[in-house]
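Chains as they are written, first to last, in the numbering used here: chain A, 338 to 574; chain B, 2 to 416.
All the pointers check out, no bait thrown in.
Simulated pairs of lysine-lysine, BS3-like, Cα-Cα distance not exceeding 30 Å:
#1 B:Lys273 to A:Lys406
#2 A:Lys493 to B:Lys273
#3 A:Lys408 to B:Lys273
Keep in mind that the hints were calculated from the coordinates and are not lab data.
Listed below, chain by chain, are the residues.
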Amino acid sequence: MTLLELKDVSVHYGRIQALRNISFTVDEGEVVALIGANGAGKTTTMRTISGLLNCSEGKVTFAGQDITKMKAHIRVVHGISQAPEGRGIFPGMTVMENLDMGTFGRKDRSGVGKDLDRVFDLFPRLKEREKQYGGTMSGGEQQMLAIGRALMSNPKLLLLDEPSMGLAPQFIRQIFKIIKEINNQGTTVLMVEQNANQALAGAHRAFVLETGEITHSGTGKQLLEDPSIKEAYLGVG
Amino acid sequence: MSMTDGPTPLQTAAAEQAAEEREASSKAAGKSDLAQRGRRKPGYFSDRWHALSRQQQWAFLIIVVVLAYLLPLMNPPIITTEPGNNFALACFDMARFALIAVGLNVVVGYAGLLDLGYVAFFAVGSYCAAMLTSPDSPFLHIPYLWTIPIAMAVTMFFGVVLGVPTLRLRGDYLAIVTLGFGEIVRILATIIPAMKGQVGFQNVGHPPGTEADGTPIFSNSNGVPWYWLTLTIIIIVTLLVGNLERSRVGRAWIAIREDEDAAEIMGVPTFKYKVWAFAIGAAIGGLSGALFAGQVGFVNNQKFDVTTSILFLAAVVLGGAGNKVGAILGGALVSYIPLRFTAIAEYKYLIFGIALVLIMIFRSQGLLPARQRLLAYGRTALNKVTSREGTEPKDTDNPSAGPGTRAAGQRGAEA
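Take the sequences, apply the hints, and build the full model.
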């Protein structure tokens, strides 16, 4: 079943067009990856879906509902949650307080305990750091916190913007393992990645963005084997 | 104000050592983590303060409040501003600044919105009181006390009117727009005939009541009743703002201050809460404006310039943005210093400038830094919901939990 659908979406920054008629869908239960070089429009796509940017043309549908004009904070209530690029945690709040902020839009307070257990299950490190300030943690820990915080709203769709950015290789593998686990628990995941190898290996389907347009699409495996993608993104000729 | 009386009876060497260790470890952490720069760490005094039990805190607060009420009557020899300035009137002025700082702190300290035109709200409040009570005003006249809620409502309205179009802007842009708004109000007061420009309004009303000999209790020359009134209002406003700070609204404000985009995608209606911060801050500014108009008894366009706005902001930054007690202290100090040291009053902007530079270098969070303990309450609620054991709500403020975990975190990060 289609959970998220973008139809002919264009986004402009002033007169500069960042996305040109992008269309794709994300089905329930999938892990979908968007890969592309710098400036391809990956983050713009994410911000358009989470509602921080407005699209100039096109339509965004979520769970059968047109959300094109919906404000970002209401989209959270409907089940879209984002771990933003560069983590975007609250540096002056403790880990627990950050996680608590993740529940801000929730109506069902009763489910909070279960989700907190889930987050601590996925990231035992956060449990250890419970009382530490977000800003004092390492990059990897902050990334865990950002993902954990996004999960605290119990989203249907989790948006991950460059979850592996700036992390050590063994840590990247761990993050992708966790993403897989989050997906196995029933959360649909849409991620944006520069680390194409890992992203394609972990994703059911993937799209390649180039200068604001989708140029390739297919299953993760197909794209991994596509020679042109290999050359451009995987660094092997 | 005597809120400055810092060191408490519980002054133990152990506490000091813990604080030192913590300082050292957070410095070490700072080397490798840029994000730390923006972090607000609890200060020395707040560590001490939170180490006290609830009863001790209350006892201490009651003593401070009683001393604050008695301040103009005691007229302590070294602290006094006489013979240069009447001490009771000086106390009122300090209280007035403190109230303004509490209001501006909601906007700048909690929600992180840089407002350089706060004097405009103060002006609107003053004009409200003046135009509704002064015999010079062509409008209807009502008892002075009624003008206080009216002034608050009107300034709140102005806060929303200014906020709705401008709060879509961020950072520097917002600061410039508010700066412009501050000037607009002052210039309107000059050019609109009904507001009487420099001529102004005389004999602004005051609260009712007369002494035995028939002179009004709230006279222009007697600062004591005005001071008590303002102090009472400060206490009420601080309690209300404190409750707000610990509520869902306060959490939203802090989140907006820390990272607006992140707050929005956590489900915080950022625009709505920013307008609320603006409106509440404006109402408190209007309230202090009305008090000021009543005490001075005269309002014209000369008192509402940009430098006054900057002075208000300096009070908040000096005291510690985001900490209401800090704001009270900062406001009182900014008013007190030129009144006490009349010889240097002419150079007050120079002195505040230097003081601000020094504070930014050596104590960038202000005299009393903010630690938004409000979420401790959120966590209490969370614990209730999840009936989770082992996460006591107050532990965040326990210094002993600090160094160990933090150092461990550092090791973990490098491993």
